[in-house]
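Novice: These are the residues of each chain, in order.
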Amino acid sequence: MSLIHETDHGTPPSKATTSVTLRVDGIDVTVPEGTSVMRAAMDAGIKVPKLCATDSLAAFGSCRLCLVEIEGRAGTPASCTTPVAPGMVVSTQTERLKKLRRGVMELYISDHPLDCLTCAANGDCELQDMAGAVGLREVRYGYVGENHLDAAKDESNPYFAFDPAKCIVCSRCVRACEEVQGTFALTIDGRGFESKVAAGMDQPFLDSECVSCGACVQACPTATLMEKSVIDIGQPEHSVVTTCAYCGVGCSFKAEMRGTEVVRMVPYKDGHANHGHSCVKGRFAWGYATHRERILKPMVREKISDPWREVSWAEAIGRVVSEFRRIQAQHGRGAIGGITSSRCTNEETFLIQKLVRAGFGNNNVDTCARVCHSPTGYGLKTTFGTSAGTQDFDSVEHCDVMVVIGANPTDGHPVFASRMKKRLREGAKLIVIDPRRIDMVRMPHVQASHHLPLRPGTNVAVLTALAHVIVTEGLVDEAFVRERCEPDDFAAWAAFVAEERNSPEAVAKISGVPAELIRGAARLYATGGNAAIYYGLGVTEHSQGTTAVMAIANLAMATGNIGRPGVGVNPLRGQNNVQGSCDMGSFPHEYSGYRHVSDDATRAVFETMWGVTLDHEPGLRIPNMLDAAVDGSFKGLYIQGEDIVQSDPDTQHVVAGFKAMECVVVQDLFLNETANFAHVFLPGSSFLEKDGTFTNAERRINRVRKVMPPRNGLADWEITVAIAHAMGVAGMDYTHPSQIMDEIARTTPTFTGVSYDKLDAVGSVQWPCNEAAPQGTPVMHAGGFVRGRGRFIITEYVPTDERTGPRFPLLLTSGRILSQYNVGAQTRRTANVMWHDQDLLEIHPHDAEQRGVRDGDWVRLASRVGATTLRAKVTDRVAPGVVYTTFHHPLTQTNVVTTQYSDWATDCPEYKVTAVQVTPSNGPSDWQREYRELSVQNTRIAADAAE
Amino acid sequence: MSPDKLVYMANQIGKFFAHQGEAKAVAGIADHIAKFWDPRMRAAIQAHAASGGAGLDPPVLQAVMILPTAGGEVPRRGGGEPTRSL
Numbered sequence: 001m002s003l004i005h006e007t008d009h010g011t012p013p014s015k016a017t018t019s020v021t022l023r024v025d026g027i028d029v030t031v032p033e034g035t036s037v038m039r040a041a042m043d044a045g046i047k048v049p050k051l052c053a054t055d056s057l058a059a060f061g062s063c064r065l066c067l068v069e070i071e072g073r074a075g076t077p078a079s080c081t082t083p084v085a086p087g088m089v090v091s092t093q094t095e096r097l098k099k100l101r102r103g104v105m106e107l108y109i110s111d112h113p114l115d116c117l118t119c120a121a122n123g124d125c126e127l128q129d130m131a132g133a134v135g136l137r138e139v140r141y142g143y144v145g146e147n148h149l150d151a152a153k154d155e156s157n158p159y160f161a162f163d164p165a166k167c168i169v170c171s172r173c174v175r176a177c178e179e180v181q182g183t184f185a186l187t188i189d190g191r192g193f194e195s196k197v198a199a200g201m202d203q204p205f206l207d208s209e210c211v212s213c214g215a216c217v218q219a220c221p222t223a224t225l226m227e228k229s230v231i232d233i234g235q236p237e238h239s240v241v242t243t244c245a246y247c248g249v250g251c252s253f254k255a256e257m258r259g260t261e262v263v264r265m266v267p268y269k270d271g272h273a274n275h276g277h278s279c280v281k282g283r284f285a286w287g288y289a290t291h292r293e294r295i296l297k298p299m300v301r302e303k304i305s306d307p308w309r310e311v312s313w314a315e316a317i318g319r320v321v322s323e324f325r326r327i328q329a330q331h332g333r334g335a336i337g338g339i340t341s342s343r344c345t346n347e348e349t350f351l352i353q354k355l356v357r358a359g360f361g362n363n364n365v366d367t368c369a370r371v372c373h374s375p376t377g378y379g380l381k382t383t384f385g386t387s388a389g390t391q392d393f394d395s396v397e398h399c400d401v402m403v404v405i406g407a408n409p410t411d412g413h414p415v416f417a418s419r420m421k422k423r424l425r426e427g428a429k430l431i432v433i434d435p436r437r438i439d440m441v442r443m444p445h446v447q448a449s450h451h452l453p454l455r456p457g458t459n460v461a462v463l464t465a466l467a468h469v470i471v472t473e474g475l476v477d478e479a480f481v482r483e484r485c486e487p488d489d490f491a492a493w494a495a496f497v498a499e500e501r502n503s504p505e506a507v508a509k510i511s512g513v514p515a516e517l518i519r520g521a522a523r524l525y526a527t528g529g530n531a532a533i534y535y536g537l538g539v540t541e542h543s544q545g546t547t548a549v550m551a552i553a554n555l556a557m558a559t560g561n562i563g564r565p566g567v568g569v570n571p572l573r574g575q576n577n578v579q580g581s582c583d584m585g586s587f588p589h590e591y592s593g594y595r596h597v598s599d600d601a602t603r604a605v606f607e608t609m610w611g612v613t614l615d616h617e618p619g620l621r622i623p624n625m626l627d628a629a630v631d632g633s634f635k636g637l638y639i640q641g642e643d644i645v646q647s648d649p650d651t652q653h654v655v656a657g658f659k660a661m662e663c664v665v666v667q668d669l670f671l672n673e674t675a676n677f678a679h680v681f682l683p684g685s686s687f688l689e690k691d692g693t694f695t696n697a698e699r700r701i702n703r704v705r706k707v708m709p710p711r712n713g714l715a716d717w718e719i720t721v722a723i724a725h726a727m728g729v730a731g732m733d734y735t736h737p738s739q740i741m742d743e744i745a746r747t748t749p750t751f752t753g754v755s756y757d758k759l760d761a762v763g764s765v766q767w768p769c770n771e772a773a774p775q776g777t778p779v780m781h782a783g784g785f786v787r788g789r790g791r792f793i794i795t796e797y798v799p800t801d802e803r804t805g806p807r808f809p810l811l812l813t814s815g816r817i818l819s820q821y822n823v824g825a826q827t828r829r830t831a832n833v834m835w836h837d838q839d840l841l842e843i844h845p846h847d848a849e850q851r852g853v854r855d856g857d858w859v860r861l862a863s864r865v866g867a868t869t870l871r872a873k874v875t876d877r878v879a880p881g882v883v884y885t886t887f888h889h890p891l892t893q894t895n896v897v898t899t900q901y902s903d904w905a906t907d908c909p910e911y912k913v914t915a916v917q918v919t920p921s922n923g924p925s926d927w928q929r930e931y932r933e934l935s936v937q938n939t940r941i942a943a944d945a946a947e
Numbered sequence: 001m002s003p004d005k006l007v008y009m010a011n012q013i014g015k016f017f018a019h020q021g022e023a024k025a026v027a028g029i030a031d032h033i034a035k036f037w038d039p040r041m042r043a044a045i046q047a048h049a050a051s052g053g054a055g056l057d058p059p060v061l062q063a064v065m066i067l068p069t070a071g072g073e074v075p076r077r078g079g080g081e082p083t084r085s086l
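Protein chains in written order, with my numbering: chain Z, 1 to 947; chain H, 1 to 86.
Just so you know, the hints here were simulated from the structure itself, not pulled from any lab data.
One should not assume that every hint holds.
[Claimed, not checked] Only pairs whose alpha carbons sit at most 25 Å apart, straight line, appear in this in silico BS3-like list of lysine-lysine:
#  : chain 1 : residue 1 : chain 2 : residue 2
1  : Z       : LYS422    : Z       : LYS381
2  : H       : LYS5      : Z       : LYS659
3  : H       : LYS24     : H       : LYS35
4  : Z       : LYS196    : Z       : LYS228
5  : H       : LYS5      : Z       : LYS269
6  : Z       : LYS47     : Z       : LYS99
7  : Z       : LYS429    : Z       : LYS381
8  : Z       : LYS15     : Z       : LYS297
9  : H       : LYS15     : Z       : LYS509
10 : H       : LYS5      : Z       : LYS47
11 : Z       : LYS269    : Z       : LYS758
12 : Z       : LYS381    : H       : LYS15
13 : H       : LYS5      : H       : LYS35
14 : Z       : LYS297    : Z       : LYS47
15 : Z       : LYS269    : Z       : LYS47
[Unchecked claim] Residues from chain Z that face chain H, not an exhaustive set, calculated with beta carbons under 8 Å:
#  : residue
16 : GLU95
17 : THR547
18 : PRO588
19 : HIS589
20 : HIS596
21 : GLU607
22 : GLY611
23 : THR613
24 : LEU614
25 : GLY619
26 : ASP627
27 : TRP904
[Stated by the list, open to error] Here are some, though not all, of the chain Z residues that point toward chain H, as calculated from beta-carbon distances under 7 Å:
#  : residue
28 : GLU426
29 : SER633
30 : ILE794
31 : VAL798
Beta carbons: idealized from backbone N, C-alpha and C, even for Gly.
Kindly produce the complete structure, drawing on both the sequences and the hints.
Specialist: Okay, here's the thing in structure tokens:
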């Protein structure tokens, strides 16, 4: 193993299709028109010295090191900013160039500390490399003149340091912040000798708008911006390419290692989802894997009020099996089940559903996608024929109009948001449909053409009103509909949406969105060129979540925005493997590849493979499991990598369900909130400690590679295999996850072409990957829909039964923040808490004033089902009548107030609409007090075992 | 399983299919419940329907009445203590 050194071509590739041939140092090279001379030279194997150029950024031409001579042209142009021309003859190394470059380097080094041996970048410094490349042997100016060597360091950011004494003012960091990340937090302050890199208004990095994506650190050619982990540990000696375990973007990273210690995570340029970019979570927030609170030994207890007792793996797994078999003997085969994790690998997920179906003998398996994107599966399968987004991320480069609905990409999917922002800066238009003024509504160089601040719960009404405009104003792509869609369904749908009650004017009264805004947005979507819809949980987590997904699909079909780059319907998946966990048969009604359990032919495939008879009846979904537990017919649950108690709605009901169970098995990294109610704890492994695959929001299957041994002793898939063996489940003799993927490929038509060998060879593939599409499918439904013809569905608006009233006059909606992830189990155990150490309640100034609430005050947030307390943040980001918070902290337990209302089709909870009241408070709610006491008691580990 | 909650869930499904006309709606509702509800949930709503089906909207009641009998074993209740306190 060695470090992976990615080639830096100096400038970005040209997308031109015509070629130009030139000669560089006597070598003929043919490149796309528009390529820089520097890049052409690199293609010919010639590295032109450079400092301000790097191929992730547009050429800048400031460092004057990459000078070349071109026959017939005067002077010594910069090769980075000079485009190639036919017949051009370039010399990269002449006496004149050598002298010029040495002179430039002398100037740089005359104002640079000569501390290479103790510098953190020693061995990985482009300035050092260039000094060597140009043959610098002396600095004639000396080092005693005016300089920047005493400039103060900025160490405010927890993850990287800024040492201006080492800065050469190449602007790579500033340009990376602008071009790659799109935040514009950095600038060059001052002129001439006074020029310096400054964050925000010349503030410490931590206080500025910097979002800690790490793009500036990655771009820095010196040790000016440097990861603190490198400063602490030293330079890495080998790297392993793997996939981030945070959001559904699925960024590829090089885990740069020294032995089994991670030195840093560096975004991988060849990663097809992220193309070398990252966010604060993936780039820096991986320290939870070695956090002191990590549980590394199996534990059991008789009652949940007992202290935990550390035991051997054999005893813990023996307890799981004996208890599950006892429960089944007493209460029936369907009295136990399992929950797979959208944070675990495809292989682990596949194994759990196999264990449940083949070992437990029922279909009581579900996944946390139940509570986020299950409506996407149902809605898109019904309309298009398959349960997945239609595009790849690169598609956004061809997009002219983006609709962002119920999503907050800059916080939830920040790396893809940077791609979106880049396209918007290039001129694409943006429509935001969201109750809250998300950052993308207006931020540096991005402004939405339309923001529809709809009342929570009215998505379907607004989406149908958009369709009304498209149909009644003659904006339907009739040729597409005629050729690609079911004609009768379209006719019925068109007649429905055209009804006056679906007009923007009628819907304005329901949604609070002015009719002209709806009309303007509809016209732009239908006529603005390639239009793509990107949506998130603000669409799905409603009582009409599935209907809203169908309404989105209707819009795309009606306008012909499906089946080619730049368009489509794009669900932004929350967790890293939401798509994969759904693909792998985690839902209780279907096997991998979305095939219903009642389908005899599908069942026969698995019965033959697994050697058992399988149940043809659907199993319980997560909310049904909890209801059945309270009802007394569901007694045992195996949960891998999910914290149901913190993440699922109506916490008191969830807790009641868990308390009614007789054997709860939690497999996780930490004693999470659900573990408070568990009888067996199986310590899990982090994504750094196992092999496998994740499938991101664009259906891209990416490899997860083990970079260190599991600290708990076993990878998660090995734990499931051990349980299966103890239960006597046949066909579980895997020695490597690649064999599990082979089984997936043998049983799942959309995965038949997937193997670790292929993934290792090509990096990643997007399913379907099979005989018809051996290299995968970036854009779906290109020639026709998976179901044949696209199906329009009538989307009647049905108001939620969660209503405001005198006691609960405000609507609560919830979401995420950039620095934290889901229930925070991982990110709360990193320095990311510096940005978000508690959940805050956003409340409009008008509502705050009425209640005597000031910014920072403790407030009581109460709904019909429960109450919690948290601090208020007074802001007009939310509309009057709407409040907003996050759910990252267990001390808040936002879901104490959310209700059991759920989507009609899938039971996905209605997190996004809860009627609440907000009042000043001076202490925790009764629930919080009781829960804290219980949590302290239920997380005790017996002293003798802990020693 | 609480009949009230199951009735509410079934009626929610019914509202989605309502526009399709009675015959199609009844078939659609029945198909959806058969595909997504586990046998104990179906058995519970069928038992509720058999005892009059209070609260079920008419097409939903019809749909429940034509549901096939759940196959396989329906788990037995016992020992659960529904509670909202800690």
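Novice: For every hint, state whether the structure bears it out.
Specialist: Evaluation of the provided hints:
1. Z:LYS422 / Z:LYS381: violated, 31 Å
2. H:LYS5 / Z:LYS659: holds, 20 Å
3. H:LYS24 / H:LYS35: Answer holds: LYS24 of chain H to LYS35 of chain H is near 16 Å, not above 25 Å.
4. Z:LYS196 / Z:LYS228: OK: LYS196 of chain Z and LYS228 of chain Z at ~21 Å, within 25 Å.
5. H:LYS5 / Z:LYS269: Roughly 51 Å separates the two Cα atoms, so the pair is violated.
6. Z:LYS47 / Z:LYS99: holds, 17 Å
7. Z:LYS429 / Z:LYS381: violated, 29 Å
8. Z:LYS15 / Z:LYS297: Roughly 53 Å between the alpha carbons, so the hint for LYS15 of chain Z and LYS297 of chain Z is violated.
9. H:LYS15 / Z:LYS509: At roughly 22 Å apart (the allowed maximum being 25 Å), LYS509 of chain Z and LYS15 of chain H satisfy the hint.
10. H:LYS5 / Z:LYS47: With a Cα-Cα distance of about 70 Å, the restraint between LYS5 of chain H and LYS47 of chain Z is violated, given a limit of 25 Å.
11. Z:LYS269 / Z:LYS758: Given pair LYS269 of chain Z, LYS758 of chain Z holds - Cα atoms ~19 Å apart, limit 25 Å.
12. Z:LYS381 / H:LYS15: holds, 20 Å
13. H:LYS5 / H:LYS35: Holds - the C-alpha atoms of LYS35 of chain H and LYS5 of chain H are around 18 Å apart, at most 25 Å.
14. Z:LYS297 / Z:LYS47: violated, 52 Å
15. Z:LYS269 / Z:LYS47: Judged against 25 Å, a Cα distance of about 19 Å means the pair holds.
16. GLU95: violated, 79 Å
17. THR547: Status holds, d = 7 Å.
18. PRO588: holds, 7 Å
19. HIS589: holds, 6 Å
20. HIS596: Constraint on HIS596 of chain Z satisfied, holds at 6 Å.
21. GLU607: Hint violated; GLU607 of chain Z Cβ to chain H Cβ min 15 Å, cut 8 Å.
22. GLY611: violated, 19 Å
23. THR613: It is violated, given that the least Cβ distance between THR613 of chain Z and chain H is near 11 Å, above 8 Å.
24. LEU614: violated, 11 Å
25. GLY619: Cβ of GLY619 of chain Z sits 5 Å from chain H, so the hint holds.
26. ASP627: At 6 Å from the nearest chain H Cβ, ASP627 of chain Z passes the 8 Å test, so the hint holds.
27. TRP904: holds, 4 Å
28. GLU426: violated, 40 Å
29. SER633: This hint holds: SER633 of chain Z lies near chain H, its Cβ roughly 4 Å from the closest one there, short of 7 Å.
30. ILE794: holds, 5 Å
31. VAL798: holds, 5 Å
Comparing the model with each numbered hint stated earlier shows that hints 1, 5, 7, 8, 10, 14, 16, 21, 22, 23, 24, 28 do not hold.
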